[in-house]
Amino acid sequence: MLLVTTIDDVRSALDAARAEGKRVGFVPTMGYLHAGHRSLMDAAVAANDVTMVSIFVNPLQFAPDEDLESYPRDLDRDSELCAAAGVDLIFAPDVAEMYPEPMWTNVHVSTVSEPLEGRFRPSHFDGVSTVVTKLFAIAGACRAYFGEKDWQQLAIVRRMVSDLSLPVEVVGCPTIREDDGLARSSRNVYLTETERGEAAALNQALRQGIEAIEAGERDPAAVEAIITAHIDASTSGEIDYVGVVDAASLIRPDQLAGDIRLLVAVKFGRARLIDNMGVRAD
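Plus 825 on top of the position in the sequence shown (first one is 1) and you've got the working numbering.
Worth double-checking, as some hints may not be accurate.
As the list claims (entries may be wrong) - Estimated spans, in silico, between C-beta atoms of each pair: (1) A872 / G1041: 19 to 25 Å; (2) Q1080 / E922: 48 to 54 Å; (3) A1047 / R848: 16 to 22 Å; (4) V1014 / E1042: 32 to 38 Å; (5) A888 / D919: 20 to 26 Å; (6) G1022 / A1050: 23 to 29 Å.
What the hints assert, rightly or not - Below, computed lysine to aspartate or glutamate pairings styled on DMTMM-like, alpha-carbon distance capped at 20 Å: (7) K1092 / D890; (8) K1092 / D834; (9) K1092 / D1071; (10) K1092 / E1036; (11) K974 / E1003; (12) K847 / D834; (13) K1092 / D975; (14) K974 / E894; (15) K1092 / E894; (16) K1092 / E994; (17) K959 / E994; (18) K974 / D1005; (19) K1092 / D1107; (20) K847 / D874; (21) K974 / D1065.
Worth flagging that the hints you see were computed from the coordinates, not collected in a lab.
Fair warning: this is a prediction, and the values are worked out from it, not measured in the lab.
By construction, the Cβ of each residue, glycine as well, lies at the ideal position given by its N, Cα and C atoms.
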């Protein structure tokens, strides 16, 4: 496995692989890898000849009051996990390599980025879209793997790739969960023991919402109320949002139909947890 830190080196390595007719898989991450990331790496390694993982804590997607400086980092541990997964190349640039000058360019994907996370973290998705566009420009033609846990991010990247005709196939991979249903996340380390016990209620609440839709409920507000009530009754967390929306546009319809996504964000002390599940309303 090769560890590179410069844009020129990673471009040379991937261009050489494609020149030999090899297909490239790419897993963008911010590091501190867990089983969810491992599932993305496994999918990429299985479907491609060469797999690259990027490890970069992107400052553009953190607001001034968020956890940029304290975000967990452990490159040595991450490298071991990548090697165990069969990854061929790690791209681990520093901030100066990615942003040698102040950024005058900003990538904004309208509509799908505006509700839910977009209301509570208004600069976040522009930072995500900008760094992912840059990473795609560095990687070149590839398959890129993203977890469905960050559903809004996945929807934004898909729309961005489509709108800009980027030579990237975006592959969404299922959320990896703990035994009690909690979605795996690097920020789970912030949870206290009590908060960790309560956090499983997010998964339970989403399942109750899906059961209501499967039973015939078509009013998104009614489904949101079911989810909210369970979280309020079962946790000490502070709800940022509960959304029941169209899966592609993230627009809340008057009546549920087609592919629907149920999304939540809840703050537990230092940890802010997001989760989502999908269902089809026929």
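Here is how each hint holds up against the structure:
A872 and G1041 have their C-beta atoms about 38 Å apart, which leaves the hinted 19 to 25 Å range violated. Checked against the hint of 48 to 54 Å, the C-beta distance between Q1080 and E922 comes to roughly 49 Å, which is consistent with it. Remark: the range hint 16 to 22 Å for A1047 to R848 is contradicted by a beta-carbon distance near 46 Å. Our hint of 32 to 38 Å for V1014 and E1042 holds, since their Cβ atoms are close to 36 Å apart.
Here the CB-CB span from A888 to D919 is close to 21 Å, well matched to the stated 20 to 26 Å. The given range of 23 to 29 Å is respected by G1022 and A1050, whose C-beta atoms sit roughly 24 Å from each other. Restraint check for K1092 and D890: satisfied, since their Cα atoms lie roughly 14 Å apart, inside the 20 Å limit. Proposed proximity of K1092 and D834 is contradicted: the alpha carbons are some 40 Å apart, above 20 Å.
In summary, the hint linking K1092 to D1071 is not supported, as the alpha carbons are separated by about 24 Å, beyond the 20 Å threshold. A threshold of 20 Å between alpha carbons decides the hint, and for K1092 with E1036 the separation of about 25 Å lies outside it, so the pair is violated. For the suggested pair K974 and E1003, the alpha carbons sit about 13 Å apart, so the restraint of at most 20 Å is met. For the given pair, K847 sits about 17 Å from D834 by alpha-carbon distance, which is consistent with the 20 Å threshold.
For the suggested pair K1092 and D975, the alpha carbons sit about 16 Å apart, so the restraint of at most 20 Å is met. For the hint pairing K974 with E894, the CA-to-CA distance comes to about 23 Å; that exceeds 20 Å, so the pair is violated. Straight-line distance between C-alpha atoms of K1092 and E894 comes to about 19 Å, which keeps the hinted pair within the 20 Å bound. With a C-alpha separation of about 33 Å, the suggested pairing of K1092 with E994 is violated against the 20 Å cut-off.
Distance check on the hinted pair: K959 and E994 sit about 16 Å apart at the alpha-carbon level, within 20 Å; holds. The straight-line distance between the Cα atoms of K974 and D1005 is roughly 16 Å, inside the 20 Å bound, and the hint therefore holds. A hinted pair counts as satisfied when its Cα atoms are at most 20 Å apart, and K1092 with D1107 does not qualify at roughly 33 Å. A threshold of 20 Å between alpha carbons decides the hint, and for K847 with D874 the separation of about 5 Å falls inside it, so the pair holds.
Restraint check for K974 and D1065: the C-alpha separation of about 16 Å stays at or below 20 Å, so the hint holds.
The structure fails hints 1, 3, 8, 9, 10, 14, 16 and 19 (numbered hints given earlier, in ascending order).
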